[in-house]
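S.K.: From first to last, the protein sequence lines stand for chains Y and A. Going by numbering that gives the first Met the number 0, 132 is the number at position 133 of the first sequence; the sequence numbering is gapless. Going by numbering that gives the first Met the number 0, 172 is the number at position 173 of the second sequence; the sequence numbering is gapless.
Everything labelled a hint here was simulated from the structure, so no lab data went into it. Values in this document were obtained by computation on a predicted structure and should not be read as measured data. Where is the CB? At the ideal position from N, CA and C, for every residue including glycine. Hints may contain errors.
[To be verified] Stretch by stretch, here's where chain A covers chain Y in the computed footprint (C-beta under 8 angstroms, at least three residues):
#, stretch
1, 58-72
2, 111-122
3, 167-174
[Stated by the list, open to error] SDA-like mimics (lysine to any residue), calculated; alpha carbons at most 20 angstroms apart, straight line:
#, chain 1, residue 1, chain 2, residue 2
4, A, Lys35, Y, Asp74
5, Y, Lys176, Y, Pro90
6, A, Lys34, Y, Lys176
7, A, Lys211, A, Val118
8, Y, Lys78, A, Lys34
9, A, Lys35, Y, Gly92
[Said to hold, decoys possible] The calculated label-pair distances, taken between Cβ atoms and stated as ranges, are:
#, chain 1, residue 1, chain 2, residue 2, range
10, Y, Leu77, A, Arg119, 43 to 49 angstroms
11, A, Arg2, Y, Glu57, 43 to 49 angstroms
12, A, Thr11, Y, Lys160, 41 to 47 angstroms
13, A, Asn72, Y, Pro90, 34 to 40 angstroms
14, A, His112, Y, His13, 35 to 41 angstroms
15, Y, Glu164, A, Gly149, 25 to 31 angstroms
16, A, Ala95, Y, Thr166, 44 to 50 angstroms
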Amino acid sequence: MSESRAVLEGPDIHRALTRIAHEILERTKGAGEVVLLGIPTRGATLARRLGDRIEQFEGVKIPVGSIDITMYRDDLRLKPARPLGRTELPPDGIDGKTVVLVDDVLYSGRTVRAALDALNDLGRPTSVQLATLVDRGHRELPIRADYVGKNLPTAKSEKVKVYLEETDGREAVLLIKEGAK
Amino acid sequence: MNRHLISAGDLTKDDALLILDTAEELARVSERSIKKLPTLRGRTVVNLFFEDSTRTRISFEAAAKRLSADVINFSAKGSSVSKGESLKDTALTLEAMGADAVVIRHGASGAPHRLATWVRGSVVNAGDGTHEHPTQALLDAFSMRRRLGGLDGRRITIVGDVLHSRVARSNVLLLATLGADVTLVAPPTLLPVSVGSWPCEVSYDLDAVLPKSDAVMMLRVQKERMNAAYFPSEREYSRRYGLDRDRFAKMPDQAIVMHPGPMNRGMEIAAEVADSPRSTIVEQVANGVTIRMAVLYLLLGGETLA
Chain Y
0 MSESRAVLEG PDIHRALTRI AHEILERTKG AGEVVLLGIP TRGATLARRL
50 GDRIEQFEGV KIPVGSIDIT MYRDDLRLKP ARPLGRTELP PDGIDGKTVV
100 LVDDVLYSGR TVRAALDALN DLGRPTSVQL ATLVDRGHRE LPIRADYVGK
150 NLPTAKSEKV KVYLEETDGR EAVLLIKEGA K
Chain A
0 MNRHLISAGD LTKDDALLIL DTAEELARVS ERSIKKLPTL RGRTVVNLFF
50 EDSTRTRISF EAAAKRLSAD VINFSAKGSS VSKGESLKDT ALTLEAMGAD
100 AVVIRHGASG APHRLATWVR GSVVNAGDGT HEHPTQALLD AFSMRRRLGG
150 LDGRRITIVG DVLHSRVARS NVLLLATLGA DVTLVAPPTL LPVSVGSWPC
200 EVSYDLDAVL PKSDAVMMLR VQKERMNAAY FPSEREYSRR YGLDRDRFAK
250 MPDQAIVMHP GPMNRGMEIA AEVADSPRST IVEQVANGVT IRMAVLYLLL
300 GGETLA
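The task is simple: from the sequences and hints, build the whole structure.
M.R.: Pasting the structure below:
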């Protein structure tokens, strides 16, 4: 048996993204050279939403893309080969830009490490930052997020699941406790 | 997916679509400045070629290298095979060297199937005799899907030396799985006896089929495998089954022309047809690398299958 609890509802996700969008604008002084790259699937959705918000707030159109990290994972050998996500860079590329990686949940940090490796093969950004909707702790690598929607203390036995309208038809972040068997 | 890729008929529709979709994403890698992925680092792919090949061998080599695998090329000429070493002993030697995948081309139909029982790694059939060539069928399907938008219900015509063609057999099996309607056109002497049991139509009249085709695939007349007179003269064959300018004009405006290569220009296909913008022949070669990357990734990228 497992029980789940919503830690963020639709309006909370909305507010968190709005705040992150403002923080990105503030930290990068207007987001002039910023490129948002989402990690598929839900990170890519979040990156598009952040891009839309930044455009609303300041009227600047930010290049948004996606970066699939499957081929760079360090745990590929542990599971059968997985389907690939999409890597889509903005037409101007990422050289000399400030890349903000966007993911839904930050956990061990291994996904982000893989994304940094993937970036390395795609170009040379001036700097790389990280935005995540949920930071649930338990890092296994020296990686931290620059923009966090919500810090969520979790146990390793728990699962965090993000649902977004575009992919899942609903908006929520659930904390799932794996109960006694 | 299976551990081996021996026959296009072993692929379910889901398997085939997974390979095509994976290739679609990998095609983007070929467009970047660094065309390399670290995925198969530390894995060894052996290209075991007992028959001559240019594009298939180079294509598999490029695919494996783009995924960072180590590649060992083996061709029968200049190896111990010319001293009389058997396929099994050759296979065991490769096994001892730690091959994670063996890509085999062999003149005997069924050789990859036999090899798969001897080695622990994955076996990929790169053409066995007159039997099958599954990665060619996959790259053809990929090329068609990109040009035609989809394969379900598309009418594909395969013309020529079906009897000696492993490409035709693999294509018929795969295209049927993907929901396309396949028609084979050939002189009766160049159709295998068993063709009645294949999931396709058969016709002897190219001119009647052409106007109803979304894609026309011309096969090479394989003179090196012909030990009897299958047709009266090359000229007659070319007149009745060759794709010349007049026949090309009978095809629907959006229909594409394919050829697995190598071509006999002027024999089964006229040079100006082969070089037309509706011909996918050069594209097929580029897509070959992509589709083989997808196959190698799906066979070797994950945990090693039992």
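S.K.: Which of the stated hints cannot be reconciled with the structure, identified by number in ascending sequence?
M.R.: Hints 3, 5, 6, 7, 8, 10, 11, 12, 14 not satisfied by this model.
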